[in-house]
Amino acid sequence: MATRENNDERIALLQGTLDLLILRTLLLGPCHGQGVARSIRRQSEEVLFVDHGSLYVALQRLEDRGWIRAKWGVSDNNRKARFYSLTSKGREQLTEKTSEWRRLTRAMGLILDGADAQGEEV
Amino acid sequence: MFRRKRSAKDFEEEIQAHLELEADDLRGEGLSEGEARRRSRVEFGNVGAAEERFYMKDRWAALENAIRRVRFAWRSLAQSPGFTITAILTLALGVGANTAVFSVMNAVLLRSLPVEDPERVVYLRTSNTPSSVGTISSTETFSYVVFDALRREGKGLAPVMAFAPLSNDKVSVRYGAQPETAEGDTVSGGYFSGLGVKLPLGRGFTDEDERTHAPIVVLSHKYWVRRFASDPKVLGQTFHVNGAPMTIVGVAANGFEGTEAASSTEFWIPFQSRPELNAYGNAPENGKTFINNPKWWCLHLIGRIAPGMTHARAVAELQPVFQRAASEGLGTPKPEEKLPVLSFADAKSFPGYDEEYGKPLRMLMAMVVLVLVIAMANVVMLLLARNAHRRREFALRQALGAGRGDLFHQLVTESILLVTAGGALAWAFAVMATRLLANWAHIESTLAPDRSVMLFTLVVLTIALFVFALIPLRMVLASGAEQALKVSSATAQTDAGRSRTGKIIVTHQMSLCLVLLVGAGLLVRTLRNLESTPIGMQLDGLVVFGVKPDIKSVPQGVAFYVDLMNRLRALPGVQNVTVMEERIGTWWSNNFNMLVDGKLPEVANGAARTVRNNTVGPKFFTTLGVPILEGRDFADSDTASSPRVGIINEEFARRFLPNQNPLGHLIGPADLPSFQMTIVGVVKDHKYRSITETPIPMAWFNYAQIPMIGSMHVEMRVSGPPLAILPSVQKTVLEIDPNLPLLRPITQRAQYDLTISNEILFARLAGFFGLLAVVLVATGLYGTLAYRVSMRTAEIGVRMAIGARRGQVVWMILRDSFRLTAIGVGIGIPLAMLVGNALASSLYGVKPMDAASYLGAMVAVGVVALAASAIPAARAANVNPLRALRAE
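If you read the protein sequences in the order shown, they are chains V and X.
Oh and the first sequence: position 5 is 4 in numbering that gives the first Met the number 0, straight run, nothing missing.
Oh and the second sequence: position 88 is 87 in numbering that gives the first Met the number 0, straight run, nothing missing.
No lab work stands behind these hints, which were simulated from the structure alone.
There could be a bad hint or two in this list.
Cut-off 25 Å, straight-line C-alpha distance, at most; resulting in silico cross-link-like pairs (DSS-like, lysine-lysine) [said to hold, decoys possible]:
(1) X/LYS232 - X/LYS197
(2) X/LYS683 - X/LYS618
(3) V/LYS79 - X/LYS8
(4) X/LYS686 - V/LYS70
(5) V/LYS88 - V/LYS70
(6) X/LYS197 - X/LYS287
Could you build the full structure based on these sequences and the hints that come with them?
This is the structure in structure tokens:
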């Protein structure tokens with residue numbers, strides 16, 4: 000009997016953020032797809048859940064763009080897996096996208112917080 | 000950039016790895032084995048969907064782009080239906096005509112025999128056949144002794160096969176009650192196995208069958224389908240060949256129609272010793288059939304080069320065996336005689352086809368290639384004109400941000416659509432045309448377009464596509480957004496360079512058109528000459544058919560034909576009946592040197608002494624309607640016991656008995672000096688073998704007085720439609736012998752027409768392609784001129800505003816096209832002379848420099864030019880100067 004997973008506390012990923020998350024995860028070192036997914040979940044304290052289908056399509060897209068590269072290797076527990084690592088182009092992208100994201104969140108924060116403050120004043 | 004694509008399998012493995020890693024992790028968290036697996040799957044979601052997304056990721060984008068472009072191109076083409084339809088039809092005609100002629104050429108000249116590994120199969124050829132032997136063809140046929148020696152001792156060919164037709168013609172066969180005719184070969188035991196021809200039903204022959212002369216028969220697939228309705232139960236049934244019962248043991252693979260030129264064999268039997276199944280239907284000579292007669296070289300040999308052998312080594316290895324066997328049983332050769340030499344001919348296509356159809360087909364191919372060049376030039380001009388009109392559209396799109404690449408892709412997509420539509424239509428057109436060609440040419444082997452025809456068409460279409468894609472490229476490279484937008488609509492489009500291109504193309508088209516018209520004119524005149532050639536007899540009302548009775552002795556044969564003629568004469572509507580050994584109008588004739596009054600006649604400066612002759616029945620010339628100039632016709636009273644009589648033609652009298660009364664002189668074949676006949680008649684010259692033959696001395700003997708009689712042809716003059724008599728004739732023949740079908744019944748006129756069927760076909764096709772060229776050139780010329788006038792509307796407006804009269808404007812336009820015509824004709828005439836010379840051997844009664852054909856072609860090109868310019872000129876004359884200027 001399958002019970003329905005309780006996903007209430009999870010948030011779906013914002014469009015376009017998955018690439019950034021993958022690049023950031025890979026900054027720590029080469030990792031396979033499952034490791035990336037798990038790492039995102041763990042680091043976000045189980046809030047961000049990656050749809051695995053999208054993850055692999057994204058990995059493929061990044062590889063095609065030359066931001067990451069991949070090769071088959073062996074995992075810690077002796078399983079064959081495809082390991083992804085950042086390329087220098089990917090590193091540049093990560094820096095660029097991170098600062099973009101920071102500016103975006105700051106701007107979002109300014110508006111959301113500012114609106115809140117204004118509301119309180121009235 | 001080179002990007003390595005991942006395979007779907009690789010991707011699948013990665014997902015598998017993911018699931019296992021996830022399950023490992025979950026197990027580490029304390030879940031049970033099964034639960035860990037289940038959870039890993041649930042968390043992943045839909046594996047199949049992920050794989051699908053991976054697979055489609057790149058494809059979608061490209062596909063969507065392509066679809067968008069095709070849609071756009073389609074809309075743009077649909078906006079100018081006149082252009083689109085003209086371009087597609089022009090392409091379809093040009094490519095279709097090429098495909099049709101190529102598929103005939105392919106079937107006749109290029110295609111290999113439908114046997115296993117045809118590259119290693121060769122026909123055997125010889126030169127210097129021993130002079131003491133008789134042959135069917137001095138270079139292509141061998142004796143059984145030679146065949147057997149090559150088969151037993153020759154290691155170069157493994158194996159060697161032999162075959163010979165049972166008749167020059169069809170033979171009598173019977174299945175069930177109804178006798179009919181079919182084309183059959185007698186073959187060696189290894190024929191099917193050696194060629195690697197499969198037998199989907201039953202079996203082929205073995206060497207044992209050959210040795211024992213087994214009375215068995217294999218049917219061709221085509222015959223089995225047509226005559227036996229594909230009934231698998233025919234195996235074991237009896238099939239009579241020339242009266243001899245044979246058991247059907249197999250059906251050969253579909254598509255295999257024998258190894259003989261220009262015919263499709265319908266059945267095969269192993270070599271037989273029975274005289275009625277002798278090769279070529281000949282009566283055994285001194286009781287010997289082809290198997291035990293070393294002096295009769297009648298077998299065609301075909302072999303497969305042994306594994307590990309080359310062509311040259313195989314010949315070298317067989318040569319001594321052949322030369323020894325060639326002299327076997329012939330006695331000592333004459334001292335000056337050269338040794339026969341063996342050689343191979345590739346079994347690529349059927350031998351003999353090339354001689355018959357090779358030249359006309361190559362000429363036709365050249366003609367349709369010219370037509371194709373004209374057609375492509377037309378489409379090029381149409382595209383140029385259309386794209387020039389659209390320069391402002393392109394400039395606008397570029398200004399709005401479309402890249403040059405986008406424009407180019409768009410234009411190429413349009414070309415692809417045009418070529419695809421044109422190609423599809425061309426294929427349909429070609430399939431139809433091929434069927435017509437096959438009917439006309441009487442080519443019996445299958446002409447259905449095969450893979451090489453498909454490839455040919457694709458290559459032509461690719462070339463077309465390439466040419467058409469270059470034009471937009473040039474267009475796009477030349478156009479800059481700013482420039483085209485800046486200038487006015489009128490001046491932007493009168494680009495000097497481009498109109499020169501158009502002029503050059505039109506000029507070339509005119510010259511090619513002239514060449515085709517001259518060629519067509521020569522051939523059509525040839526055809527007319529052929530068709531109006533007097534045969535020298537009254538063909539209307541004549542019908543002819545063959546009979547091949549089983550005759551054991553001369554008196555029996557004479558009695559048979561006397562009986563047959565008497566019965567046929569009694570039929571209502573029959574005016575006259577006669578018989579002949581050689582059917583007239585079939586290219587065949589008996590020839591030999593003739594003794595006149597006991598010696599070979601003196602002829603001036605070595606002219607030929609050869610006389611054609613035929614052995615015929617009573618009232619022969621009366622039946623045919625050939626005028627008798629002196630003496631009499633053969634009569635029923637000329638019998639074996641009456642004095643031997645002969646009849647000659649005018650030419651015989653003129654050459655061998657000049658200035659004397661020929662009646663009463665003695666004539667006879669030189670190799671039978673004791674066999675002399677008295678000339679009792681002289682007839683007017685008439686055609687014997689074919690419509691195109693020139694008069695040659697001829698002599699006729701009476702069938703009852705010649706000690707050889709067998710198969711004969713019956714000629715009947717009837718009132719009413721000639722073929723309508725046949726059913727009652729067949730009934731009469733069956734009353735005499737239930738095994739006798741009428742062989743090739745046909746009217747005598749149709750029989751003669753067969754001798755020019757190639758010429759007729761060739762001339763008709765040439766005429767058709769000439770006409771096609773005229774239509775194409777006319778449309779091309781019209782398109783170009785109309786386009787040029789429309790581009791010059793403003794200029795014409797200005798001219799008329801400052802006082803030019805209509806006549807002057809019209810003349811301006813006409814002068815332009817006449818100049819192009821004059822140049823085109825000037826280039827075309829020397830080209831046409833070359834073509835005329837190449838055609839010389841196909842002409843009849845016309846010189847290659849026939850003035851009428853040249854004049855006609857020139858007039859035709861001029862008329863086309865005039866007609867094609869008249870409409871644009873009239874339009875130019877009607878230009879309203881004010882409106883033309885205001886439009887600027």
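Here is what the structure says about each hint:
At roughly 19 Å between alpha-carbon atoms, X/LYS232 and X/LYS197 fall within 25 Å of each other, so this suggested pair holds. The suggested pairing of X/LYS683 with X/LYS618 holds, with an alpha-carbon distance near 15 Å, which does not exceed 25 Å. At most 25 Å may separate the alpha-carbon atoms for a hinted pair to count; V/LYS79 and X/LYS8 meet this at roughly 15 Å. The suggested pairing of X/LYS686 with V/LYS70 is violated, with an alpha-carbon distance near 87 Å, which exceeds 25 Å.
About 17 Å separates the Cα atoms of V/LYS88 and V/LYS70, which keeps this hinted pair within 25 Å; it holds. Using a Cα cut-off of 25 Å, the hinted pair X/LYS197 and X/LYS287 is violated, with the two alpha carbons roughly 33 Å apart.
Of the hints listed earlier, those the structure fails to meet are numbers 4, 6, in rising order.
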